Amino acid sequence: MSKVLETRRARRFCAAPDCDNNSESCTLSFFSFPKDPERSKKWIENSGRFDLIAKKPLDLSKNTYLCTNHFEDSNFSNIKNKKNRLTPTAVPTIFTKSGIPHLGTATNQPILDPGMENNMKKRLEKELEKALKENEILKKMNKKLKLLNAKVQRLERRSRHSAYLRRF
1 MSKVLETRRA RRFCAAPDCD NNSESCTLSF FSFPKDPERS KKWIENSGRF
51 DLIAKKPLDL SKNTYLCTNH FEDSNFSNIK NKKNRLTPTA VPTIFTKSGI
101 PHLGTATNQP ILDPGMENNM KKRLEKELEK ALKENEILKK MNKKLKLLNA
151 KVQRLERRSR HSAYLRRF
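For the sequence shown, the residue numbers in UniProt numbering are 1 to 168.
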């Protein structure tokens, strides 16, 4: 009797906003982000995942995926078969309203919904306001720390001076 070893790949999740597809719950194909920095940037912009912009394309290509649903048929080299091979220039262009609203265009540029743009602007303003408040708190804490350090130094000087005077 021989045992057949089953190789399991890690479960893959679609990185698109509002897409819950994963490799265990559906039969879709999942495509890793490209290693090419320019293409990777396009994928990030089109998907609306601007939180990924700071990551290196090589890191994204290892563990960040988009499912078949976010690519037009023209992006596949085997449309009739399984839609599991992307063309070398494929860029995702199909996303929901709460992500970057878009149904592919010839230029592969995202089309922003005015409401979405306002929501993004409000969210960024809130984040900026929060960061500014945190910065003010840090400044105050830094000022208090400097005052405490000055007190510690004075006490150390007094202690050394007292020890010096006791010697006589």
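No lab work stands behind these hints, which were simulated from the structure alone. Check before you lean on any hint, since a few could be wrong.
[Claimed, not checked] Ranges between beta-carbon positions, derived for each pair:
no., residue 1, residue 2, range
1, K35, R11, 33 to 39 Å
2, K122, N78, 39 to 45 Å
3, L128, A150, 54 to 60 Å
4, L124, V152, 26 to 32 Å
5, P37, R11, 58 to 64 Å
6, R160, E127, 45 to 51 Å
7, F50, S25, 33 to 39 Å
8, A163, L58, 55 to 61 Å
9, K139, T27, 51 to 57 Å
Just so we're clear, the structure is a prediction, and the values are computed from it rather than from any experiment. Quick reminder that beta carbons are idealized off the backbone N, C-alpha and C, glycines included.
Okay, the hints, checked on the actual structure:
no.: 1; hint: K35 with R11: 33 to 39 Å; in the structure: violated (22 Å)
no.: 2; hint: K122 with N78: 39 to 45 Å; in the structure: holds (43 Å)
no.: 3; hint: L128 with A150: 54 to 60 Å; in the structure: violated (33 Å)
no.: 4; hint: L124 with V152: 26 to 32 Å; in the structure: violated (41 Å)
no.: 5; hint: P37 with R11: 58 to 64 Å; in the structure: violated (27 Å)
no.: 6; hint: R160 with E127: 45 to 51 Å; in the structure: holds (48 Å)
no.: 7; hint: F50 with S25: 33 to 39 Å; in the structure: violated (26 Å)
no.: 8; hint: A163 with L58: 55 to 61 Å; in the structure: holds (60 Å)
no.: 9; hint: K139 with T27: 51 to 57 Å; in the structure: holds (55 Å)
Consistency note: the structure conflicts with the earlier hints numbered 1, 3, 4, 5 and 7.
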